[in-house]
Amino acid sequence: MSECQNQRNILDQDLRSLAEAKKRRNDHRINHPKESKTLRRLNAKIGEWEGTVEDSRFYLNKCINGS
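Under this note's numbering, the first residue of the sequence shown is numbered -17, with each subsequent residue one higher.
Incorrect hints may appear among the rest.
Unchecked claim - With a cut-off of at most 25 angstroms between alpha-carbon atoms, the simulated DSS-like pairs for lysine-lysine come out as follows:
| # | residue 1 | residue 2 |
| --- | --- | --- |
| 1 | K44 | K16 |
| 2 | K4 | K16 |
| 3 | K5 | K16 |
| 4 | K4 | K19 |
| 5 | K16 | K27 |
| 6 | K27 | K4 |
| 7 | K5 | K19 |
What the hints assert, rightly or not - Cβ pair distances, simulated, as ranges:
| # | residue 1 | residue 2 | range |
| --- | --- | --- | --- |
| 8 | G33 | C(-14) | 18 to 28 angstroms |
| 9 | C45 | H10 | 17 to 27 angstroms |
| 10 | S18 | K44 | 33 to 43 angstroms |
| 11 | I(-8) | I28 | 26 to 36 angstroms |
| 12 | S(-16) | V35 | 43 to 53 angstroms |
In short, the hints are calculated from the structure, not lab data.
None of these values were measured; they are calculated from a predicted model.
Quick reminder that beta carbons are idealized off the backbone N, C-alpha and C, glycines included.
Please model the entire structure based on the sequences and the hints provided.
Following this line, the structure appears as structure tokens:
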């Protein structure tokens, strides 16, 4: 498997994890609207995943561009 394909797989997994974290947060908002501590924790996790996705995109673009 090429390095670029490996980076693409990593990005795909990170995007799935980010989507799942957003789904958990949205479900929690509906089911437990007054529980802010968990929402803060879920929002922090989403922020981490967004950073991870940015990093993965950077490394994929770096691989594609040959830099």
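Subject >> I(-8) versus I28 beta-carbon gap, inside 26 to 36 angstroms or not >> reply: About 18 angstroms separates the Cβ atoms of I(-8) and I28, which means 26 to 36 angstroms is violated.
Original post:
Hey, K4 versus K16, does the alpha-carbon distance stay inside 25 angstroms?
Top reply: Holds, at roughly 18 angstroms.
Subject >> K44 and S18 - C-beta distance against the hinted 33 to 43 angstroms >> reply: holds (39 angstroms)
Original post:
Does K4 pair with K19 here, judged by a C-alpha cut-off of 25 angstroms?
Top reply: holds (16 angstroms)
Original post:
Is the Cα-Cα distance between K44 and K16 25 angstroms or less?
Top reply: Violated, at about 43 angstroms.
**OP:** Decide if the proposed pair is consistent with the structure: K27 and K4, CA atoms, cutoff 25 angstroms inclusive.
**Re:** holds (9 angstroms)
Original post:
CB of S(-16) to CB of V35, is that within 43 to 53 angstroms?
Top reply: violated (21 angstroms)
Subject >> 25 angstroms Cα cutoff - pair K5, K16 >> reply: Answer holds: K5 to K16 is near 18 angstroms, not above 25 angstroms.
**OP:** For G33 and C(-14), compare the CB-CB distance with the range 18 to 28 angstroms and indicate the outcome.
**Re:** The hint (18 to 28 angstroms, Cβ to Cβ) holds, given that G33 and C(-14) are roughly 21 angstroms apart.
**OP:** For the pair supplied as a hint, K16 and K27, confirm whether the alpha-carbon distance does not exceed 25 angstroms.
**Re:** Distance of about 19 angstroms is within 25 angstroms: holds.
**OP:** Take the C-alpha atoms of K5 and K19, compute the straight-line distance between them, and say whether it is at most 25 angstroms.
**Re:** Status holds; Cα separation ~17 angstroms.
**OP:** Could you say whether the range 17 to 27 angstroms given as a hint is met by the Cβ separation of C45 and H10?
**Re:** Roughly 36 angstroms apart at Cβ, these two residues miss the hinted range, so it is violated.
Going through the hint list in order, the structure does not satisfy hints 1, 9, 11 and 12.
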